[in-house]
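All chains should be modelled from the sequences, with the hints used to inform the complete structure.
The lines below spell out each chain.
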Amino acid sequence: MIVGLFNYWIVILMMMLGFYVVIAANNLIKKVIGLNIFQTSVFILYISIGKISGGTAPILTEGVEIYANPLPQVLILTAIVVGVATTALGLALIVRIKEAYDTIEEDEIYLQDRTL
Amino acid sequence: MSHLPALQIVLPLLAAPICLLLRKSSLAWLLALGVALCGLAISIVLFHRTLNGEIISYAMGGWEPPWGIEYRVDRLSAFVLLIVSAIAAVTFAFANRSIAREIPLQKHSLFYTALLLCLAGLLGITITGDAFNLFVFLEISSLSSYVLISFGRERRALTAAFQYLIMGTIGATMILIGTGFIYMMTGTLNMADLALRLPGVMDTNTVRAAFAFLIVGFSIKLALFPLHVWLPNSYAYAPSVVSAFLAATATKVAIYSLIRFIFTIFGVDFAFGEMPLQVILILLSIIAVFVGSLSAIFQLNIKHMLAYSSVAQIGYIIIGIALVSAVGLSAGILHLFNHALIKGCLFLAVGCVFYQQGDATIDNFKGLGKTMPWTMAAFVIGGLGIIGMPLTAGFVSKWYLVLAALEHGVVGMIIIISVLLGSLLAVAYIWRIVEAAYFNQPEAAAIERGEAPLALLIPTWILALATIYFGIFTQLSVDAAMQAAQSLLGGK
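Respectively, the protein sequence lines represent chains A and B.
The numbering of the first sequence is the numbering used here, which starts it at -10 and goes up by one.
The numbering of the second sequence is the numbering used here, which starts it at 3 and goes up by one.
Certain hints may be false.
[Stated by the list, open to error] Residues from chain B shown here face chain A by an in silico Cβ test under 8 Å; the list is partial:
#, residue
1, V138
2, L145
3, Y148
4, G182
5, V429
6, W433
Just so you know, these hints were derived from the structure itself, not from any lab.
Model, not experiment: these values are computed from the prediction.
Don't be surprised by glycine CBs; every beta carbon is placed ideally from N, CA and C.
Okay, here's the thing in structure tokens:
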């Protein structure tokens, strides 16, 4: 139960950790990190789906007949690119927020918006 | 001709980097406008070809579906493509003058690049027949809309964009998880193929979990209460033209994807029979109508007000969909179309005010009935549409929504009462603007500034006239919505 589904337990653990950090963190960069962990857990989920017991990496080689399913890996390459773009954009926004508010703590930004 | 479905996406996608290279604001604008007009022409042709029920299937790169990525245009997607590209053409025409006062000149070409990417993403979501491809286009449109929002003049635009980025990414990742689960069970990502294979594995927790993840993910993207918190600030602090474009298209396309997943992929029996989706959607939508309309009444910033009004209007659309009858579904699709026109018109009118007055709080509207008569007339027409006055488009869709609710007994009565109360609340928040504009003396500075330039008034009035046209000559929009609903419910 635990050993057989080891990957999926890790996925759930990471997903919940990442999600919690996104919600609970006050620092915007920590939020982005949490978002990354959340997304990474989904990448592992996809890769685990594509695993076939006894199969090797999906590269044509002599004497190997069982391969892992390459499709989820390709999909996740795309999703990783999306994740990188999201992170980059998030960090760029944080840089500009820092310039505009002089802080990247959510509660301080909230206070500044309130007092105006 | 046979490559039209691909061109619909490829044109804006290719034009986006070219815009970046052009650098000059007016050139980039002309290119973006040209592409939007071409997109409109293509979507009109596609719409005509699907009128008789034909389904256009296009194998991207020559890889046959279900292995390759399929672009699939049926009645519903052709209708939504038409809405998105028409709104894009109108708002892009508005953009040139509008952003001149809102965005620094050196960033204009970047702005048009993001705008075209967003358009490509939204059209892509609508046209694709592949579940994973939908996720990719969703992220293209989302990432570019975060950028577009952050172009806003105030620093709050940055925090609004960041909040939207966090929530949007969580939503998109949930859609990714759901897609992964259904791929796990069926081994396919093509929507038509999924619809064939899913019934065999319906009775598993994996599919139920997939369904839940997908519904929550799309609900975040379409801003269903209580997942709407990203929407008001994003629309309020984005540049005017972006507010108009996103309000009229982005949430609509997310609603389209929700319809696609519920009705085409999972099927009505699973979504509403086995899963308690109907209760949840109707309950949340009714709350959305009240919370949205009530919050709208208390907003001082008019863009904020319109954004909260969007939350309420999305509630009406989802009520229609959740009624699962042919009339209800077509009311939902029809309101999707009508609300895009109406909200586009309202946001553009506010854009005109923003252009002339420099801001869009209720104080800026004082006396505008005299100094900006054309802008305010367009705003009033849009306002009547939101309220649902007869002879405007808003009335037609609310009428069908009430007709659909009549078939549902007690629940139907509650829905009808909420629709009526929601309309009354809409009267309240629209009236505040009318009162400020027509029953106050304009300030000296406002008299001097006068009416908005024609380049802004013409796009606004195109949408205002469309609001009236589709309120009187309902045949085109009602037929398209009815047929789309029927093919979703029956013709699988």
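Hint-by-hint comparison with the structure:
1. V138: Since the shortest Cβ distance to chain A is 6 Å, the answer is holds.
2. L145: Constraint on L145(B) satisfied, holds at 6 Å.
3. Y148: With a closest approach of 6 Å, the Y148(B) hint holds.
4. G182: 5 Å, holds
5. V429: With a closest approach of 31 Å, the V429(B) hint is violated.
6. W433: 28 Å, violated
In this structure, the earlier hints numbered 5 and 6 are contradicted, and the remaining ones agree with it.
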